[in-house]
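Read off the chains here:
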Amino acid sequence: DTAVSQTPKYLVTQMGNDKSIKCEQNLGHDTMYWYKQDSKKFLKIMFSYNNKELIINETVPNRFSPKSPDKAHLNLHINSLELGDSAVYFCASSLPGTPWGYTFGSGTRLTVV
Amino acid sequence: AQSVTQLGSHVSVSEGALVLLRCNYSSSVPPYLFWYVQYPNQGLQLLLKYTTGATLVKGINGFEAEFKKSETSFHLTKPSAHMSDAAEYFCAVSDRGGANNLFFGTGTRLTVIP
Numbered sequence: 001d002t003a004v005s006q007t008p009k010y011l012v013t014q015m016g017n018d019k020s021i022k023c024e025q026n027l028g029h030d031t032m033y034w035y036k037q038d039s040k041k042f043l044k045i046m047f048s049y050n051n052k053e054l055i056i057n058e059t060v061p062n063r064f065s066p067k068s069p070d071k072a073h074l075n076l077h078i079n080s081l082e083l084g085d086s087a088v089y090f091c092a093s094s095l096p097g098t099p100w101g102y103t104f105g106s107g108t109r110l111t112v113v
Numbered sequence: 001a002q003s004v005t006q007l008g009s010h011v012s013v014s015e016g017a018l019v020l021l022r023c024n025y026s027s028s029v030p031p032y033l034f035w036y037v038q039y040p041n042q043g044l045q046l047l048l049k050y051t052t053g054a055t056l057v058k059g060i061n062g063f064e065a066e067f068k069k070s071e072t073s074f075h076l077t078k079p080s081a082h083m084s085d086a087a088e089y090f091c092a093v094s095d096r097g098g099a100n101n102l103f104f105g106t107g108t109r110l111t112v113i114p
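These protein sequence lines map, in sequence, to chains A and B. Taking our numbering, I'd label the letters of the first sequence as residues 1 to 113. Taking our numbering, I'd label the letters of the second sequence as residues 1 to 114.
One should not assume that every hint holds.
No farther apart than 27 Å at their CA atoms in a straight line, the calculated lysine-lysine pairs in the DSS-like style are these [what the hints assert, rightly or not]:
#1 Lys-41/A to Lys-49/B
#2 Lys-40/A to Lys-49/B
#3 Lys-58/B to Lys-71/A
Chain B is nowhere near these chain A residues, computed Cβ spacing over 12 Å in every case [stated by the list, open to error]:
#4 Lys-9
#5 Thr-13
#6 Lys-22
#7 Lys-71
#8 Asn-75
#9 Leu-83
#10 Ser-86
#11 Ala-92
#12 Ser-106
Covered stretches of chain B, going by a simulated chain A footprint (3 or more residues, C-beta under 8 Å) [said to hold, decoys possible]:
#13 69-83
#14 101-108
Calculated from the structure, these hints are not laboratory results. Note that beta-carbon positions come from the ideal geometry of N, C-alpha and C, so glycine has one too.
Bound conformation, chain A alone (with noise of 0.2 Å):
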C-alpha cells in the first residue's frame, strides 16, 4: 500500500541507452513531479505534471522525457544515456495549491557506467 512507489530502486547501464523509470502514486493526487539529486545531494525540480499536462521543464536536456498515461503515472524516459546523468532520482505527488502536501517515492539510484 505504498503512496508514491518508484521502480527499479537500482539501475545500472551503459552510456548510449536509453532507460525509464516508472512511478505510481495511490494517492488520488493530481501533481506529480521528478527531482533530480546529484552525487553532492542537491535536489532540482525536472518536471511537474498536472493532470496530464506538463507544467514545468527546468532546462533540463531534451533527452528526459516524462510520460503520464494516466494522473496515478508519471514516468521518466531518458535516451542517450550520459554519465552525468548519474543521479538519484525521485518522484513525487501532491494535491493542487498545497506545496505542504508532497509525498515522496523512495528514489531510484541511477549509474552510468
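Starting from the known structure of chain A, fit chain B onto it as the hints suggest.
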C-alpha cells in the same frame, strides 16, 4: 527565483546535545517553508512546515523551527539529539500562490556522536 541557503554542510553533535541546523531564504515575500529529512538510502520525509500563523512550528521526532521574517530564517532545532537523528536535512521553500514546486537547500548532514 527562490533561493535557500543552509549554513554548514556537516554538523556534528553529541548525543543529548542541542541540534541547530540553519536555513535562510531570499525572497521579498515570505514563502512557504519546510524541513525534510532523508535517512540513508531512503526518500524524503517532511519534518515540519510553516505556512501561516504561529511562527514556531513543531514537527515530528521532537524537532521544531521558528520562522523569523526579519532575519529571513527558518532554523531547525531539537533540544536533545538522539543517535537516530543522524541523517541529511533539507530546508525547502515554495512560492505562495505560484506553482507547487519546492526549491531545496544543499542539505546538512547531521552526525550524532555517542
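Hint-by-hint comparison with the structure:
| no. | hint | in the structure |
| --- | --- | --- |
| 1 | Lys-41/A to Lys-49/B | 21 Å, holds |
| 2 | Lys-40/A to Lys-49/B | 24 Å, holds |
| 3 | Lys-58/B to Lys-71/A | 33 Å, violated |
| 4 | Lys-9 | 9 Å, violated |
| 5 | Thr-13 | 19 Å, holds |
| 6 | Lys-22 | 15 Å, holds |
| 7 | Lys-71 | 15 Å, holds |
| 8 | Asn-75 | 17 Å, holds |
| 9 | Leu-83 | 22 Å, holds |
| 10 | Ser-86 | 16 Å, holds |
| 11 | Ala-92 | 8 Å, violated |
| 12 | Ser-106 | 4 Å, violated |
| 13 | 69-83 | violated (count 0) |
| 14 | 101-108 | holds (count 6) |
When held up to the earlier numbered hints, the structure conflicts with 3, 4, 11, 12 and 13 and fits the remainder.
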